[in-house]
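J.: Work out the full structure: start from the sequences and follow the hints.
Protein chains in written order, with our numbering: chain A, 1 to 289; chain B, 1001 to 1417.
Since the hints were made in silico from the structure, they are not lab data. All values derive from a computational prediction rather than experimental measurement. Yeah, the Cβ is synthetic: ideal placement off N, Cα and C, and Gly gets one too. Take every hint as true, because none was put in to throw you off.
Okay, derived cross-link-like pairs now, BS3-like style, lysine-lysine, Cα gap no bigger than 25 Å in a straight line:
#1 B/K1283 / B/K1355
#2 A/K150 / B/K1242
#3 B/K1408 / A/K40
#4 B/K1174 / A/K145
#5 B/K1159 / B/K1174
#6 B/K1164 / B/K1174
#7 B/K1179 / A/K150
Stretch-level coverage of chain B by chain A, calculated; a stretch enters the list once three of its residues show a Cβ under 8 Å from a Cβ in chain A:
#8 1069–1080
#9 1085–1096
#10 1182–1195
#11 1372–1384
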Amino acid sequence: MKYNEKIQKKGFYFVLPTLIIYGIFLIYPMLSAFHYSFYKWNMISESKYVGLKHYIRMFGDRRFWNSYLTTFHFTFISIFIIIILSFLLALLFQEKIMLKNFFQSSIFVPVILTMVAIAVVWQFMFQSTGVLSNIFLDIFGINIKWLTSKSVAPYSMILVNVWKITGYYMIIFIAGLLNIPSIYYEAAKVDGTSYLQRLFYITIPLMKNTFILAFVSGVIFSFAAFPQQYVMTEGGPARSTEVLALLIYKQAFEFTKFGYSSAISVAFFLTLLVFSLIQFRIFQSESNY
Amino acid sequence: MKKLSFVISLFFLLGNISFAKEIIRHIHWTQPPYDEIIMQTAKDFMAKNPNVEIKVQLVADADMPTKVRTALTGDGVDTFAMPNMQSPWFMANGTTAEIIPSAFGKSTVQEVVDMWLPGAIKKTGGFYEGKYYGIPHEMSNYAAWVNTAHMKAAGLDPKKDIPKTWQEFKLIGKMLTKKNNDVITRNGFAINTKAAIFPFLILHTLMQQKGQDWSSEKGLHKSLTTKGGLEAFSTFTNWATKDGIFDPGLFDNEREGFGNGLTSQFLTGGTWYWGVLDGYSVKRNEVMPIKYPRFKDGENIGGVAYGYCVFVAKQTKNKEMAWKWLNYLESHPEKYIVHGWFQPRKSLDKTLAAKYIPNYEVFGEEFEYAASIIATANFAELQDAVGAAVQRVIFEGTSNEDSLSMLKDDVENILDM
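T.: This is the structure we're talking about:
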């Protein structure tokens, strides 16, 4: 026992630096944001206590709800496409194909690139005389206003997001597929099942936890989207791409409404907390099963 | 050994103290080719004042207010530049120090003010509620710019066919717009719709020309329900929605687009644009600044007058030395004028403006009729709301009337009406 306690104590000292950094750069700012959500503060002058005024304003603020819904739209459509695409790619790369490693690496490269650089390049491609516009015009005869149409711009953001992070989830699904014992497939083949039957009755059920992990982590990641909207559209056109993170930034750093911005941050945090709790409950129920 | 270590440490400590310099941290916006002038001026000041170190940080113009605010919170700035649209916020929130006359070799603040052209400090945003907090770094006014090479290629005479009214501006814009399969490949006119400040400043003039008072918060609010306000607003949005002379998707930055020949007209360039143009492919002899067009039945108001001032942060330890640095920074208007940058210091030889700024008479004459920008601490939110109103019409298809109605609600929220 004493020896175990010693080991635990030593282990605690090893993780202490990380805990301190975590506390300073994550926990403290979170608590500060919660504190300032009850104050009117512009970063320079003395803060003034206003109680729930910011929250009341937020619930009646058309712009907040626009951002909230825009973020949900962006997140869920992105994740839906990403999960399907990355799973299909993972299945594809299970087969023996030429230059498999090259293609896997190429799909993964955007994951390690910085989103700001990606956004700048895509912005040029989306211009009305950019490469994408020219391709669609020449091949399909359609002039798509990628970043200047209120109905198209949100999907342009989704396209960039899908392009960036599909590779990451492809790797997660590849790992999940490798965890399925091959004996199940061999037995199923002996029973005369088709590929699709093996996919729906073996692969997908056994990948349930991986799907849940991908979904919830993808939602949390995409919900916090900011760079591509800030660089490419600054929330336009007509606030159609103004996600919550961008609204929080504008309220704080452009309008100096740090109190109101903090209230929106709290709403943002609570939304993601709900998703995290769902993930926790699902994993718990899966492990009990 | 311990004694020796102590002596060596003491030696280094005393050495550092004796060579310790006073540091002045200055934040300025980046704008080639003027960045080099600022950096050289800092070096020259340090050569004259060996016990002072000037650390200049250049940031993007649009990011400057945010960077300065953040720096002020962390005591990370001593002097900074700020445009007159943003400076009221800083002065209203007590972040700026008043001018110290002795730093300028003067006895009173009025003597310092008199070092610049009459009214210059007020127009460039260094004056607030009876006190002077800044000195001018730039004073300018917007002119309309037109690509005369495009005009000639379209069979127009740059001398006779210069637009004088907004109707003519639109018609010439149509003639100069180029299309390829219904896709605009050259705008007849362009504006950066992503950055709300630019539509705001053009609308400022249009509204004032229609007799609306956009120099005050109440006047701005009132204009949103008037016929004149609607006409001014519609004139602007129609360039994109009905007149077909502006595709916002072609590029973002109209100064860059004009310099690269991708737009034939734009409305947000001051005298300083000559220096900026030199960095692009379009040549000086292919363009011309002209007076802002007018409405036939409108007021005789030109493009907005604006400027930048430099300020000393209230938290600065040695304010006198900081003002000395700023006075030195602003003592070389002749270095800027060669690139077309006008500083309203009386020491500037007036003939240099005419010599180095092509078509200076346009800016000089227009300045007298320039629209005065609203000075309010709520500027950031108001400009954002106006930008959103413009975007609703251009990108969402909202009617001008509905968009102005929504803008009115937004303005009332911002001003707590």
